[in-house]
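Protein chains: 2
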Amino acid sequence: MAADPLSSLVEELARLPGIGPKTARRLAHHLLRVDRARAEALAKAVIDVKDRMIHCSTCHQITAVDPCSICSDPERDQSKLCVVEEPFNIEPIERTGEFQGIYHALLGSLSPQRGVGPDELTVASLLDRLDGVEEAILAMNPNVEGEATALYLAGLLGKRGVRVTRLAFGLPVGGDIDYADQVTLARSLAGRRSL
Amino acid sequence: MAADPLSSLVEELARLPGIGPKTARRLAHHLLRVDRARAEALAKAVIDVKDRMIHCSTCHQITAVDPCSICSDPERDQSKLCVVEEPFNIEPIERTGEFQGIYHALLGSLSPQRGVGPDELTVASLLDRLDGVEEAILAMNPNVEGEATALYLAGLLGKRGVRVTRLAFGLPVGGDIDYADQVTLARSLAGRRSL
Numbered sequence: 001m002a003a004d005p006l007s008s009l010v011e012e013l014a015r016l017p018g019i020g021p022k023t024a025r026r027l028a029h030h031l032l033r034v035d036r037a038r039a040e041a042l043a044k045a046v047i048d049v050k051d052r053m054i055h056c057s058t059c060h061q062i063t064a065v066d067p068c069s070i071c072s073d074p075e076r077d078q079s080k081l082c083v084v085e086e087p088f089n090i091e092p093i094e095r096t097g098e099f100q101g102i103y104h105a106l107l108g109s110l111s112p113q114r115g116v117g118p119d120e121l122t123v124a125s126l127l128d129r130l131d132g133v134e135e136a137i138l139a140m141n142p143n144v145e146g147e148a149t150a151l152y153l154a155g156l157l158g159k160r161g162v163r164v165t166r167l168a169f170g171l172p173v174g175g176d177i178d179y180a181d182q183v184t185l186a187r188s189l190a191g192r193r194s195l
Numbered sequence: 001m002a003a004d005p006l007s008s009l010v011e012e013l014a015r016l017p018g019i020g021p022k023t024a025r026r027l028a029h030h031l032l033r034v035d036r037a038r039a040e041a042l043a044k045a046v047i048d049v050k051d052r053m054i055h056c057s058t059c060h061q062i063t064a065v066d067p068c069s070i071c072s073d074p075e076r077d078q079s080k081l082c083v084v085e086e087p088f089n090i091e092p093i094e095r096t097g098e099f100q101g102i103y104h105a106l107l108g109s110l111s112p113q114r115g116v117g118p119d120e121l122t123v124a125s126l127l128d129r130l131d132g133v134e135e136a137i138l139a140m141n142p143n144v145e146g147e148a149t150a151l152y153l154a155g156l157l158g159k160r161g162v163r164v165t166r167l168a169f170g171l172p173v174g175g176d177i178d179y180a181d182q183v184t185l186a187r188s189l190a191g192r193r194s195l
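From first to last, the protein sequence lines stand for chains Z and D.
In this text, residue positions in the first sequence follow the numbering used here: the first is 1, and each later residue adds one.
In this text, residue positions in the second sequence follow the numbering used here: the first is 1, and each later residue adds one.
Calculated directly from the structure, the hints in this document are not laboratory data.
Each hint should be verified, as a subset may be incorrect.
If several chains are the same, the list does not tell them apart, and a pair holds so long as it fits within one copy or across any two.
Capping the alpha-carbon separation at 16 Å, the derived lysine to aspartate or glutamate pairs in EDC-like fashion look like this [unchecked claim]: (1) K50 to E98; (2) K22 to E91; (3) K50 to D4; (4) K50 to D35; (5) K159 to E94.
In isolation and in its complexed conformation, chain Z is listed as follows (with noise of 0.2 Å):
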């Protein structure tokens, strides 16, 4: 006999990042207690990802369309390129409304230890479109491996002669000095800059 349906579904569940099996339990109860047609809509939208998103053959980000619709906008500013290390970093930087460029999703980080070098990662696809580029923007992820992909791509982005910078490090906006970190604020404090 197959293991009963909740079950079957709480087990699901928590095999997603971040969802343990407390709050498994709940969302399968969740589950339970809505509409059929809300239910439907879930499951649907799970296929869905799967059968029809893609990666932009140009930016590597998510797309339903290729290629994305950062990539065929003729608004954007060709000349500045931001390099994330995945798709889904790209949407907060969006929403801040304060880059028009265009983008360029890694689909990882440089990691030794996970056996992740520049042939796993899409750096050769970035080489091959420099052209017109004046500055990178590398926004990497502040940790280590982070670090040494911005260390690594600044190398080879240098030697192209684009200009290369760095988002900076700093005290989170609305956070208390009290509650940051040393390395927080022993970067936020060699960033200072005068007023």
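Place chain D on chain Z using the hints.
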């Protein structure tokens, strides 16, 4: 044109309780990357739970077979009835391994504000199954609505000659007195036991 599949999935996931837009986006991107079989298993589990899970006609817990495995287990002590608010409150109690009796799920708690009275809960069905029950353990949530529900049931069940008990309040095991809120600490003091 329909919204793109990724946005639809983020939207559906964000409807789940406790899942904010950021988490929904992270989960959606995770689902983008998993095997199709894994995504299908999740989608199927969501639908199955709607199609195949029902309420036990005796205790109202969620089950694939009626009566549920606890109600139909001859080894369970029929004289001890643990009353919970929701079906999902049963599993945590079962996992303690300390309770061998039977359960009754009210399917909610009394709430005048939300218009939930005894008729909206399974109170009548609870009163119908008191034959042979010696002790009713009220395992409502430790909040205002749970307290009100417990008080109401204590009155009803007491009149039927059932011994009524309540889960103990106190410090969480492994917790720290410094971090306990005042109400919990007060309850913990009031419920102190001699060693």
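Structure-based check of each hint:
1. Neither within a single protomer nor between protomers do K50 and E98 lie at most 16 Å apart by alpha-carbon distance, with minima of 31 Å and 44 Å respectively.
2. When the C-alpha separation of K22 and E91 is checked against a cutoff of 16 Å, the pair qualifies only between copies, where the shortest distance is 10 Å, while the shortest distance within a copy is 29 Å.
3. In this homomeric assembly, K50 and D4 come within 16 Å of each other (Cα to Cα) only across copies, at 12 Å, whereas the closest approach inside a single copy is 26 Å.
4. When the C-alpha separation of K50 and D35 is checked against a cutoff of 16 Å, the pair qualifies only between copies, where the shortest distance is 9 Å, while the shortest distance within a copy is 24 Å.
5. Taking the shortest Cα distances, K159 and E94 never come within 16 Å of each other, neither inside one copy (28 Å) nor across copies (64 Å).
Checked against the numbered hints above, the structure breaks hints 1, 5 and satisfies the rest.
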